[in-house]
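If you read the protein sequences in the order shown, they are chains R and D.
The first sequence begins at 738 in the working numbering and counts up by one.
The second sequence begins at 213 in the working numbering and counts up by one.
Don't take every hint at face value.
[Unchecked claim] Using C-beta positions, here's what the derived DEER-type ranges look like:
1) 422/D - 910/R: 39 to 47 Å
2) 1030/R - 429/D: 21 to 29 Å
3) 1029/R - 424/D: 22 to 30 Å
4) 415/D - 1028/R: 36 to 44 Å
5) 1029/R - 407/D: 35 to 43 Å
[What the hints assert, rightly or not] So these bits of chain D aren't anywhere near chain R, every CB distance computed over 10 Å:
6) 250
7) 254
8) 265
9) 363
10) 387
11) 405
12) 423
13) 433
These are calculated hints, taken from the structure and not from any lab test.
Glycine included, every Cβ here is placed at the ideal spot set by N, Cα and C.
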Amino acid sequence: MTHGLGYVAVAGQVTVVAAGAPLLTGWMRQVRARLEGRAGAGVLQPWRDARKLLRKEPVTPVGTGPAFRAAPALLAATAAVAAALLPLLSTDTPVSGHADLIVVVALISLGTIGLALAGLDSGTAFGGMGASREMTVASLVEPTLLLSVFALSIPAGTTNVPAIVAGAIHQPARLASPAGLLAVAALAVAVLAETGRIPVDNPSTHLELTMIHEAMVLEYAGPDLALVEFGAQMRLTLLLGLLSSLFVPWGIATGPSWTALVVALVLFVVKLTVLGALLAAAEVFWAKIRLFRVPELLAGSFLLALLAVTASYFLNGAP
Amino acid sequence: MSDGLYTQLLDLACGVFLLAAVLVLWRHELAAIVRAFALQGVALAAIALLLGAHEERGDLTAVGVALGLLRAGVLPYLMRRATAVPADGHGGEEVRETQPLVTVAASLLTAALLTLLAYAVGRPLTRLAPTPATHALPVGLAVVLIGFFVLVTRRRAPAQVVGFLLLDNGITATAFLATSGVPLIVELGVSFDVLLAVLVLQILTTRMREAFGTTDIDDLRELHD
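Construct the complete structure from the given sequences, taking the supplied hints into account.
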C-alpha cells in the first residue's frame, strides 16, 4: 500500500471509532428502549450529553492529585492509540507492524489502571470500592483477553493482530475450528466485563451495591466527566471492533485500494451496528449477576480461553 | 467424506464434548447440568458416527446410534426424573447444587489444570500413531479427570451421579479415539452396566430423599435409628 493511503486508513480508523463511539452507545440505548417499550432518547443523545458537559466549568474535588486529573485523558488517549493500531479497516497500514497483541491489551489495561488510581485518589468510600472491584474484574479479564487471542495466533504463528486477521481472511477454516469457537465465547465474555456491560456491571446504574465503573467516576464533573464517558464509549467500540475483526474479518482491506477501504468502512459500521443491537437485545433479557458470581463467570471464560489455546495447539495436528 | 472435513468435524465434536464437561462444572442448577450432560452424549455419539463413517464400518455406526439413544436420551431422562422437585413442594433448594466443596471459580481453574495434565500425559500416546483421532485423545482423558473432580467435590447425590457419568463418557470417548471403536459386544456390556448403575442410583436417591428430605451426602455421616 502506498504510504499516503495507509495513513488515510489509520486516520479513518481513529475518526470512525472516535465519532462513532457515542453514536454506538446511543444506538444501543435506543434498541434497549424500544425493546422495553419506551420511546428512547435518540441515537444522538450521548453527543448532546457531551456538549452539555463540555460547556460546564471544570471542577475537581479538594485534595485530589495528578492521578485524578490525568485519568480521563489517559483513558481516551489509550483508546485512541489502540484504535490506530488494531486492524479495523485495513490490515496493511504503516503502524500495523507495531500492532502486537500484548501492546494492545497493555494499552487497554493502562486506561483501566488509570481510572482505578483516579478512583482511589478521590479518597471517597465509593471511589476506593469501585477501584477494588474494577481490579478484581481486571485481574481475570486481562489474561482472558490475551489467551483467547493467543488461540488464534497459534495457527497464524505470530501475535501481530493484523497478521492474524489477514491470515483468517485467507483461511476461513481457522475460525470454524473448536479453538475458534471457544475463543470467540471467551473473548465475548471478557469484552462484556472489560467494558462494564450487563452481566458484570450495569452501565446505567447508580446503586452503590452493584456499581463498578460508576463508583470510580462519581467525583468527576463537567468536561472531565465528558472525557471519561467518551473514553468508556471508545473502549466499547474498540473492543467490539476487535471482536468483529477477529471473528468476522471479511471485508477488511488487505491491499492498497480506495474501494477496498470504502467497503471496509461500510462493513465495519454494519458489523458494529449489528453487534451493538445484539448486545443491547441480550441485555434486555439478561439480569446482572451478583458480584460474588462475577469471578465465577470470568474464571469460566478464562478456562474457555485456555481450552481454546490447548485445542488449537493439540487438535488439528497443528505444528 | 474428505479427510479435511472429517478432521474438522471430529475436532468440532471433541470440542463440544469437552465444552459440555466444563458446562457441568460451571452451572449450579441441576436441570442445566443434566442438559449439558445430554449435549455431551450427542457429541459422543457424533464422535462414534464420524469414526464409523470414516472407516466405513457398519457396526461402529450402530454403536454410535445406540450410544446416542442411551447417553443423550435415556440417561438424561432418568436423571431429570431423579432431580425433579417432588410434588409436595418440599426440597425447593434441591434443584441447585448450592455449595460444592470447592467453589465454582476454583473448580473451573482446577479443570484448566486437569486439561493441561491430560494433554501432558496424552502426548506419548498420541505420538505412537498420529492420526486425527489420536490427536483428540487427550480430550477423553481430560473429561475422565473432570468427571472424577465433579464426583468428589459435589454434595448432592444427583450431581455426583452426573460426575460418574462424565467419567464413563470420558472412558468411552478415550476408547473410541484410541482404538477406532471397541467391539460391539463390549460396548453393549458397558452401556447396560451404566444404565443399571444409574437406575440403582436413582432408586437410592429417591430413598434418600424420602428418609432425610434431602440428597446432601454429608447428612449421611451420622447414624440414624
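ask   = Does the Cβ pair residue 422/D, residue 910/R satisfy 39 to 47 Å?
value = Violated: the Cβ-Cβ distance is about 55 Å, outside 39 to 47 Å.
Quiz item: Does the no-contact call for residue 405/D survive, Cβ to all of chain R over 10 Å?
Solution: With a cut-off of 10 Å, residue 405/D remains clear of chain R, as the shortest Cβ separation is near 30 Å.
**Asked** Between residue 415/D and residue 1028/R, is the Cβ distance one that fits in 36 to 44 Å?
**Response** Holds: the Cβ-Cβ distance is about 41 Å, inside 36 to 44 Å.
- Run the C-beta distances from residue 265/D to all of chain R and say if the shortest one exceeds 10 Å. holds, 19 Å
Is it correct that the beta-carbon of residue 250/D has no partner in chain R closer than or equal to 10 Å? holds, 19 Å
Regarding residue 1029/R and residue 424/D, is the given constraint of 22 to 30 Å on their beta-carbon distance met?
-> Taking Cβ atoms as reference, residue 1029/R and residue 424/D lie about 28 Å apart, which means the hint holds.
Review point. Are all beta-carbon distances from residue 363/D to chain R longer than 10 Å?
Key: Holds: least Cβ distance 19 Å, greater than 10 Å.
**Prompt:** Regarding the assertion that residue 254/D does not contact chain R, is the least Cβ-Cβ distance greater than 10 Å?
**Reply:** holds, 15 Å
- Can we trust that residue 433/D is non-interface, i.e. its beta-carbon lies farther than 10 Å from all of chain R? Given that every Cβ of chain R is farther than 10 Å from that of residue 433/D, nearest at about 28 Å, it holds.
With respect to the beta-carbon atoms only, verify the hint that residue 1029/R and residue 407/D lie 35 to 43 Å apart.
holds, 39 Å
Q) Holds or violated: 21 to 29 Å for the Cβ distance of residue 1030/R and residue 429/D? A) With a Cβ separation near 24 Å, residue 1030/R and residue 429/D satisfy 21 to 29 Å, so the hint holds.
| Can we trust that residue 387/D is non-interface, i.e. its beta-carbon lies farther than 10 Å from all of chain R? | Non-interface label on residue 387/D holds, nearest chain R Cβ at 19 Å vs cutoff 10 Å.
When the structure is compared with the earlier hints, a violation turns up for hint 1 alone.
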